[in-house]
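Put the complex together from the two separate chains, hints included.
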Amino acid sequence: MISDGSTRRQLLLGGVGAAAGLSVIGPDVARAASGDKAEPKVEDGKTLERLLYNERLLIYGYEHALGTEFLKHDARELALRQLAHEEAHVARLKAHLSALNLPTTTVQGPKRKQPLLFPPQAVTDLFNAAQHEHDALQVVVQIESVAESGYFVAAANFHDPQLVRLAAEILACEAQHWTMLVDLLHRGDATQAVPHPTVRGSMHIGTPHTTPH
Amino acid sequence: MVGDAIEGEPSHDPALGGERSRRQLLSRGGTAALGGALVLAGCTSKVKTPSHVPISPKTPHVKQDIKILKMLLGLEYRSIAAYTQCIPLLPQPAPPPSGGSQPPAPSPPGHKPPPPLVLMVPLSFTAAQTFQDHELSHVRELSGFIRQAGGKAMKPASFYDLGPQPKSRADVLKVLHEAEQKLLAGYLGVVNLLTPKELRGAAAAILANHAQHSAIIRLELGLAPIPGAFLSGPE
Numbered sequence: 001m002i003s004d005g006s007t008r009r010q011l012l013l014g015g016v017g018a019a020a021g022l023s024v025i026g027p028d029v030a031r032a033a034s035g036d037k038a039e040p041k042v043e044d045g046k047t048l049e050r051l052l053y054n055e056r057l058l059i060y061g062y063e064h065a066l067g068t069e070f071l072k073h074d075a076r077e078l079a080l081r082q083l084a085h086e087e088a089h090v091a092r093l094k095a096h097l098s099a100l101n102l103p104t105t106t107v108q109g110p111k112r113k114q115p116l117l118f119p120p121q122a123v124t125d126l127f128n129a130a131q132h133e134h135d136a137l138q139v140v141v142q143i144e145s146v147a148e149s150g151y152f153v154a155a156a157n158f159h160d161p162q163l164v165r166l167a168a169e170i171l172a173c174e175a176q177h178w179t180m181l182v183d184l185l186h187r188g189d190a191t192q193a194v195p196h197p198t199v200r201g202s203m204h205i206g207t208p209h210t211t212p213h
Numbered sequence: 001m002v003g004d005a006i007e008g009e010p011s012h013d014p015a016l017g018g019e020r021s022r023r024q025l026l027s028r029g030g031t032a033a034l035g036g037a038l039v040l041a042g043c044t045s046k047v048k049t050p051s052h053v054p055i056s057p058k059t060p061h062v063k064q065d066i067k068i069l070k071m072l073l074g075l076e077y078r079s080i081a082a083y084t085q086c087i088p089l090l091p092q093p094a095p096p097p098s099g100g101s102q103p104p105a106p107s108p109p110g111h112k113p114p115p116p117l118v119l120m121v122p123l124s125f126t127a128a129q130t131f132q133d134h135e136l137s138h139v140r141e142l143s144g145f146i147r148q149a150g151g152k153a154m155k156p157a158s159f160y161d162l163g164p165q166p167k168s169r170a171d172v173l174k175v176l177h178e179a180e181q182k183l184l185a186g187y188l189g190v191v192n193l194l195t196p197k198e199l200r201g202a203a204a205a206i207l208a209n210h211a212q213h214s215a216i217i218r219l220e221l222g223l224a225p226i227p228g229a230f231l232s233g234p235e
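So the protein sequences, as listed, match chains A and B.
Residue 1 is where the first sequence starts when you use our numbering, and the numbers rise one by one after that.
Residue 1 is where the second sequence starts when you use our numbering, and the numbers rise one by one after that.
Certain hints may be false.
Result set (PhoX-like, lysine-lysine): computed pairs, CA atoms no more than 25 Å apart in a straight line [unchecked claim]: (1) B/Lys197 <-> A/Lys41; (2) A/Lys94 <-> B/Lys197; (3) B/Lys155 <-> B/Lys63; (4) B/Lys197 <-> B/Lys167; (5) B/Lys67 <-> B/Lys197; (6) B/Lys167 <-> B/Lys70.
Covered by chain A, per the in silico footprint, the following chain B stretches (three or more residues, Cβ under 8 Å) [stated by the list, open to error]: (7) 125-134; (8) 189-201; (9) 207-214; (10) 224-231.
Reference excerpt, derived from the structure (chain A facing chain B, CB under 10 Å, subset only) [as the list claims (entries may be wrong)]: (11) Tyr53; (12) Glu63; (13) His64; (14) Gly67; (15) Ala75; (16) Leu80; (17) Arg81; (18) Ala84; (19) Leu116; (20) Phe118; (21) Gln121; (22) Thr124; (23) Phe127; (24) Leu163; (25) Glu169; (26) Met180.
Note that these hints are calculated values from the structure, not bench results.
Idealized CB from N, CA, C, for every residue including glycine.
With the rest of the complex left out, here is chain B (with noise of 0.2 Å):
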């Protein structure tokens, strides 16, 4: 089962917040693709129509934006299926040394300068839901064009072949990668082909948060975080 923890990384304490309780009961309520599905089902229900972006059943060529927002919504779905899977088998953070996430005061002048600083990214349990609380709003963004063209936004499936059950630390941060990685592919593939022009500013505004998502996973992974000054370049 797939809520179980990895072996030889921490375990998680259920008595964090209240969020996060509510979706490990959620995820460990079955099999990953059933609590995927009920998180995915909640979600759906709280989509608001957009107002900033003017599209509508009248806009030309509207029907190619639809098919084009419905397959960036299946890409999201699959997305969020990933990150609850993997979520249960991430370790938690490790307790800030002192002051938390925050950078050290800076020193009086005359006084010794702070250490300098290091780059790490342990990829949490936090972290990673943090990144699919941003799958979840991409999910509502979209719906909401789709509804507001007049189409109607499907749900999600209600099984996404994610490939081999995640082994090993390393297994769950590939399989994070692959479907950051399907969404970036996704989006750079269509941002140019959709009408509205804010719909396209939209769209390249959720692709550079994956784009985000995809350096923190990658360094983690030790990767080069960012392999390049455009995002279609060779690694």
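This is chain A alone, in the form it adopts within the complex (with noise of 0.2 Å):
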């Protein structure tokens, strides 16, 4: 049970959720932050890839609750909705990356001895758990909370104006889907669904300790 949506989002913002032992989700996010010197295009084509990365994990979580059958009216349909914006995210960042025209393994860096689990397994395992609507819900609220920080720092990092712009807009967004999530899980309480006065998201995924299993 959600007892209260901005403290578990401060604690996640605080690290609590790496320090318990949860999984970390797009590690790349973290170091876009720390600007290593490539070339501005190449940063570009690279900050793009991993919001791709998140927005496939989004509808990867939208689909999947839509899957459990757990969703009912409301629920069902705002996840609908929602899933249709992730997928047009999807095709604009697609196409901002093609527009850069950069070679598919300057973007997507050396391979990986281990190759990037999707969907990761704290994702999985919180499905897994789900027993009723509001679980699978919080899932997805969690997912939507990794898009928000990587579309935040992107709206920092990103070199081309349009795309600064293009991340600002679809933070937005996302930050929308997030409030109208948690709106629905506390039932029209609006402070709960609209807590903090700026969205930074998180880069965490966990158990949400506000649920009991």
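And the structure:
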């Protein structure tokens, strides 16, 4: 059960999730903030690739939540609408990435010894543990937080002004998604659905400490 | 006077929490504009210099950044005036049936699952106050950036033209919606013009908060809460 959305978010932002042994999603997002000195176009391409990873995770999350058949009525309709937005984001990000005309190896970087697991184990575990509508929605809320974090970092790090604006636009959209989901979970309590004056997201996904299992 | 509740709406309990009472007193002490100005004057005295954005009088293009930040500050002040005018006209939230805003606890395995969740958004007095508090926080942040850049953060105007006096709940929501739309357009138009990248991130983070406010208000107005996948897209 969600007892306090803002507290949960604050804890996640503060890295408590990681400290508790929870999985870290999108480690490359953190790397983006460190600012390696590659060519601006290449950096933008890498950032787009990271955002696409997060978007694919969102699509997986919505599709999986819908597939559980836990979602009823309003939750189902909301998930379907927001899923369509994520698909539109993917299309736009792909178009920008393609326009950069960068070799795939440049954007994706050197091959990893262990390829990035998709979906991450933390997400799979949460869905496996979900028993009801609100459990499934909570997983999607957490993935939305990860996406917010990615776009927040991207809005600062993109070199191309068009991409800065795009990141800000999609950050706003993901923030609205988060708000609608939390509003649903909290039965119309707008103070829970918009808990903070800024939206920076979270890089962590873990077992929601507010849900007893 | 704006402090009067809209006919047919539940009245407000003046004996609620301290912060609420303070703001109620301020907003009921005269015109909406005066009440708003008093609230705003109070908030500008608490400005702290932010440390996470590396902007200084020597930052390249700092004059342009200050100009942009002042424009955004003006929009935030206007929005605070709108909330100050409208908050007293919004209803108190109905007491929760049970368990406050908490979602139901999951049933133990084998029991009947909880009823389906239903989307409800009563934009209550309390919620609007929370949104106004967010705007005050934005004012503090923007004012801090301006000072850090070597500029002088202006004070709020003594009067904001917010249109005709709202007469219905829908009017109130329209005033708030318009204020949030202006903020969205303002931030979106300049987010990629700011020079330090951390300042762009800060602006995007505030923009996203206004988008959240807008979604709630739109839902209450009976509009699509999220008009599209992109903020600037067609409604």
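Status of each hint after checking the structure:
no.	hint	in the structure
1	B/Lys197 <-> A/Lys41	holds, 16 Å
2	A/Lys94 <-> B/Lys197	holds, 23 Å
3	B/Lys155 <-> B/Lys63	holds, 19 Å
4	B/Lys197 <-> B/Lys167	violated, 44 Å
5	B/Lys67 <-> B/Lys197	holds, 17 Å
6	B/Lys167 <-> B/Lys70	violated, 32 Å
7	125-134	holds (count 6)
8	189-201	holds (count 7)
9	207-214	holds (count 8)
10	224-231	holds (count 6)
11	Tyr53	violated, 18 Å
12	Glu63	violated, 17 Å
13	His64	violated, 18 Å
14	Gly67	violated, 17 Å
15	Ala75	holds, 5 Å
16	Leu80	violated, 13 Å
17	Arg81	holds, 7 Å
18	Ala84	holds, 7 Å
19	Leu116	violated, 25 Å
20	Phe118	violated, 22 Å
21	Gln121	violated, 22 Å
22	Thr124	violated, 19 Å
23	Phe127	violated, 15 Å
24	Leu163	holds, 8 Å
25	Glu169	holds, 4 Å
26	Met180	holds, 6 Å
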